[in-house]
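Residue-level listing of the chains:
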Amino acid sequence: MTAFLLRRIALIVPTLFFVSVLIFGLQQLLPGDPALAMAGEEQDPAVIAFLREKYHLDRPLPVRYALWIKGVAQGDFGESIRIKRPVKDLVLEKLPVTGELAGLAMFVALTIGVPAGILAAVKRDTVIDYGATMAALWGLSIPNFWLGILLILIFSVTLGWLPASGFVSPAESLKQNLLTLIMPAFVLGNAIAAVMMRHTRSAMLQVLDSDYVRTARAKGLSEWSVVLRHALRNALVPVVTLGALEFGALLSGAVLTEQVFTIPGFGKLIVDAVFNRDYAVVQGVVLCTAFAYILLNLFADIAYALVNPRLRT
Amino acid sequence: MILRRILTVAALLAACLPNAGAMAQTTLRIGLAEDPDVLDPTLARTYVGRIVFASLCDKLVDISPELDIVPQLATEWQWVDDNKGLVMKLRQGVKFQDGEPMDAAAVKFSLERHLTLPGSNRKAEISALRSVEIVDDHTVKLVLDKPFAPLLAQLSDRAGMIVSPKAAQAEGDKFGEHPVCAGPFKFTERVAQDRIVLDRFADYWNKDAIHFDRVTFLPIADSTVRLSNAQSGQLDLIERVAATDLDTVRKDTRLKLSSITSLAYNGITINTGNGERAKNPLGQDKRVREALELSIDRAALNQVVFNGEFAPGNQWEAPSTPWYVKSMAIPARDVAKAKALLAAVGTPHPSFTMMVPTNPETLRAAQVIQSMAAEAGFDIKIQATEFAASLDLAAKGDYEAYLIGWSGRTDPDGNIYIFVSCKGPPAINSGHYCDPDVDAELDAARTASTPEERMAHYAKVAAHTLDDRPIVYLWHQKWLYAMNAKLAGFKPYPDGLIRPQGIKMP
Amino acid sequence: MTAEPLDVSLIDIEPVEAPWQRTVRQLKKRRMAVAGLVVVLFFVALAILAPLISPYDPLATSWSAVRKPPSSLHPFGTDEIGRDVLARIIWGSRASLLAGVVSVSLALAVGVPVGLVSGYLGGVVDGILMRLIDAMLAIPFLILAIALAAFLGPSLLNAMIAIGISQTPIFTRLTRGQVLVVKHEEYIEAARAVGNPHYRIVLRHIFPNIVPPLLVQATLAAAAAIIAEASLSFLGLGQQPPDPSWGSMLNTAKNFISQAPWMALWPGLAIFLLVLSLNLFGDGLRDALDPRRG
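Residue numbers (the working numbering), protein chains in the order written: chain A, 1 to 313; chain B, 1 to 506; chain C, 1 to 294.
Derived by calculation from the structure, the hints in this document are not laboratory data.
Where is the CB? At the ideal position from N, CA and C, for every residue including glycine.
Do not rely on the hints blindly, as some may be mistaken.
Example chain B residues on the side facing chain A (calculated, C-beta under 7 Å, incomplete) [as the list claims (entries may be wrong)]:
#, residue
1, D37
2, R45
3, P118
4, G119
5, N121
6, G176
7, Q193
8, D194
9, I220
10, V225
11, S228
12, A389
13, L391
14, D392
15, P425
Covered stretches of chain C (chain A as the covering partner; in silico rule of three or more C-beta atoms under 8 Å from a C-beta of chain A) [as the list claims (entries may be wrong)]:
#, region
16, 130-137
17, 147-159
18, 231-238
19, 254-260
My request is simple: use the sequences and hints to build the entire structure.
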């Protein structure tokens with residue numbers, strides 16, 4: 001087990017290295033000169049020269065990479081060229097926002113998806129199953145920005161119940177905070193809910209067919225007791241580990257959701273930074289999220305391996 | 001008994017509430033179309049940042065809605081030494097937001113900071129300034145190498161913003177994170193892409209004109225979302241309402257509209273001399289460019305893309321400004337003449353690529369232009385390019401036509417010099433247009449002393465450039481504001497800035 | 001007594017069914033999957049026959065008919081510069097379907113060979129390739145696609161390339177996984193022992209086994225690619241005007257949501273239907289290919 005763990009942890013380093021090279025390359029090679037983009041409207045050549053010098057834009061690519069990585073190793077992720085603030089500060093500022101959105105979305109996904117999946121599995125091949133499966137498919141197929149626009153049209157513009165955009169921090173007003181996040185969390189969570197529902201359903205189906213459960217049934221336990229006490233426990237493990245892996249999908253979805261609802265989180269930060277050629281921001285944020293994702297993967301693998309020793313190859 | 005006590009207390013509290021409302025902080029919430037960049041007047045480079053500065057940093061002079069120069073931190077001024085010196089008397093009793101007094105030394109410090117801080121975006125604006133002399137505690141003399149008429153206009157913008165020397169020296173180039181100036185509101189906090197919060201500066205010299213305790217700027221890029229926030233009351237005032245949303249604003253009784261023609265222009269810049277891609281009929285022959293201009297119906301363009309709300313134009317100044325050359329009016333569409341010109345040149349179906357930044361309104365305009373020009377025989381390909389990438393391509397000359405605008409400056413020099421002068425920065429005069437006669441007139445306009453003389457020179461410039469057409473000017477946007485119907489005292493200015501003085505919510 | 005010869009004709013031999021025949025039979029039993037396939041084919045027909053069935057030129061602007069609601073003249077209404085929305089929906093199907101096909105084809109063309117090589121060779125090569133794949137997977141899909149699309153420049157083709165590259169890791173992982181499962185089967189060892197060259201083993205013995213899960217994944221990936229293209233267009237990075245694409249139509253429509261809601265309704269609905277049908281078909285295909293079911 002220890003050998004397995006150590007090996008998995010050791011593998012993080014080359015993966016992160018590749019992530020850093022990948023995102024660095026993708027940013028630095030973007031068309032357009034950031035010095036021009038960041039210089040004033042008058043494009044004063046003196047300012048352009050200054051910016052080139054300050055952000056090492058004239059040095060060769062490998063040198064720039066080395067400078068960046070050296071900084072990262074020391075905890076310095078560089079600064080946003082546009083507003084001249086350290087990337088670290090921006091990340092810490094945005095993290096709670098996207099974190100709250102993602103958390104709420106996950107909550108929505110779990111409270112809708114898991115029970116729906118259980119129900120569909122238990123009532124397999126009935127109308128309930130078909131209905132839930134179709135609903136899940138619908139959730140997966142709807143483009144989430146379209147859903148967002150439709151919801152804004154209905155609940156903000158027409159009914160006026162919910163704010164169309166923006167974000168109020170919970171410190172300022174918890175009620176407002178939740179109101180601003182209801183629609184985005186639903187939009188973001190709905191696709192994940194669909195995925196969770198399908199995973200839960202298939203995991204439950206597998207468990208419900210197993211010998212273990214057949215024995216429980218033979219013992220004369222009621223169907224619901226079988227489901228809740230025996231099947232669910234075993235089915236939840238793959239569901240939870242898969243849920244952790246959906247983190248990546250959450251961040252992808254957050255990009256569009258935050259754009260549609262104007263929520264100042266990671267997603268919006270990255271999209272704006274790509275268009276503004278604010279390299280350090282994109283590189284820093286992607287590196288952090290990739291690291292988090294890799295860690296989550298690691299935990300998921302460990303959990304899986306703990307449950308199923310055969311998978312420790 | 002206890003119940004009665006509780007009810008009494010509750011009644012008292014309830015009675016207090018309206019009063020509590022009167023004591024409560026009044027906040028003006030303004031929706032911006034973009035997130036400003038760094039809030040340091042020396043380093044700032046975005047238009048939207050200037051809107052924040054209007055509440056944060058006062059400047060030596062300001063402009064009136066009619067574009068006259070009016071006093072702000074300076075109360076009077078006089079040109080001396082053959083217009084090579086500008087003596088300015090400063091207002092007495094002005095304090096910076098950190099309590100320090102504003103005096104001649106602070107003005108000298110600020111102007112020198114604009115000139116010398118590495119990366120300063122103001123240097124090019126006031127490069128004519130050689131030195132700043134302190135005459136006495138409240139008088140400075142700006143010394144120039146040669147007369148420079150646009151100087152006062154420059155001092156009415158960021159180059160004239162005076163910052164607290166103490167704070168600036170303490171923070172260095174991090175000053176933008178906690179700026180300290182002499183404006184009506186002082187900096188409280190900023191959350192990137194979320195909000196900028198400024199609180200009332202109690203010792204502001206013009207405090208009677210300020211009726212809010214707090215100003216909050218909220219950047220919301222999407223114009224539809226910005227508008228819905230105004231409609232739902234979450235914002236009191238928004239800028240840059242989309243032209244196509246104006247009907248919605250007019251019909252909504254919660255909102256009212258305010259507008260003014262801006263100093264800005266939009267047009268097609270043509271690569272006439274920068275590299276290989278200038279070597280095509282459009283770039284080489286001015287008759288082809290004339291045909292292009294004649295094929296466009298500016299009024300219809302305005303109607304379709306902007307619901308008729310903007311102002312068509314054919315010069316770098318809008319027809320409504322005093323600097324417009326009245327003898328050269330907007331030409332009407334003439335497809336027949338365009339076709340005849342193209343036939344005379346020998347290229348009845350010229351084809352070129354027009355680079356367009358990926359902005360919804362601009363792209364829409366591009367499609368309309370493409371469609372109109374097609375009727376005269378032009379085959380225009382639209383190349384949608386990200387703005388950042390387009391700047392680079394333009395500077396390198398890797399384009400044929402570029403649909404781009406300019407946010408506009410108070411002084412006409414700022415709207416024409418760098419664009420057509422041989423000495424213009426390559427990233428701005430990206431077509432490398434160069435005509436010594438035009439340069440001579442532009443330079444003369446800078447050193448002339450009266451507006452009439454300057455206008456004569458600009459008329460000569462127009463005679464050349466409107467014939468050569470390195471830029472085909474198309475429209476001047478209007479600054480469109482939607483605000484809470486109860487908001488009073490808002491005055492729109494051609495520079496588009498939101499000045500808090502006089503605005504109140506009764 | 002003489003033994004009667006065996007009358008072969010009386011013996012009821014079950015005809016051996018080819019795997020693909022079995023799959024088709026299973027598929028036919030699943031009505032939802034069939035419905036999905038029909039809808040997909042409908043959109044394909046729409047795309048191919050666009051020049052014939054579109055009521056108007058999708059690029060034809062009309063200054064007088066700006067943002068008109070649905071009417072008999074324009075069943076889906078008109079857009080912000082007077083173009084017929086129905087025509088643009090029909091022609092826009094080309095962009096969406098191309099996005100699905102091209103992106104997935106690119107992902108398959110790159111991902112499968114890499115997965116085969118990686119799984120078969122193992123060792124250091126496998127290690128390095130897998131770390132690279134892990135790195136690509138660690139970057140959230142849409143962010144990778146945005147960065148790639150911005151890198152290549154805003155156009156439909158570049159968006160498809162960006163999406164295709166972003167989807168490659170999935171196919172690589174899938175292929176490699178299957179190769180690992182099959183690699184140590186006895187018949188593979190036997191084939192090696194007989195002296196078959198590697199490439200023939202991979203092509204003849206390993207590859208056919210991975211086709212079924214690849215097909216399923218490809219269908220589902222096509223659905224994801226279509227949504228991704230719409231997302232990129234929504235952000236301004238995909239199909240550029242004036243050429244129609246459902247995603248860029250949605251991008252424009254969001255500015256007119258209260259004045260001309262029909263501009264947002266039809267493109268969104270079209271994307272939804274196409275993606276739903278692909279998902280239905282893909283699901284049905286997965287069930288049909290599953291030897292345990294039916």
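These are the hints, each one checked on the structure:
no., hint, in the structure
1, D37, "holds (5 Å)"
2, R45, "holds (4 Å)"
3, P118, "holds (5 Å)"
4, G119, "holds (4 Å)"
5, N121, "holds (4 Å)"
6, G176, "holds (6 Å)"
7, Q193, "holds (4 Å)"
8, D194, "holds (4 Å)"
9, I220, "holds (5 Å)"
10, V225, "holds (4 Å)"
11, S228, "holds (4 Å)"
12, A389, "holds (4 Å)"
13, L391, "holds (5 Å)"
14, D392, "holds (4 Å)"
15, P425, "holds (5 Å)"
16, 130-137, "holds (count 6)"
17, 147-159, "holds (count 5)"
18, 231-238, "holds (count 3)"
19, 254-260, "holds (count 3)"
Checked against the numbered hints above, the structure violates none of them.
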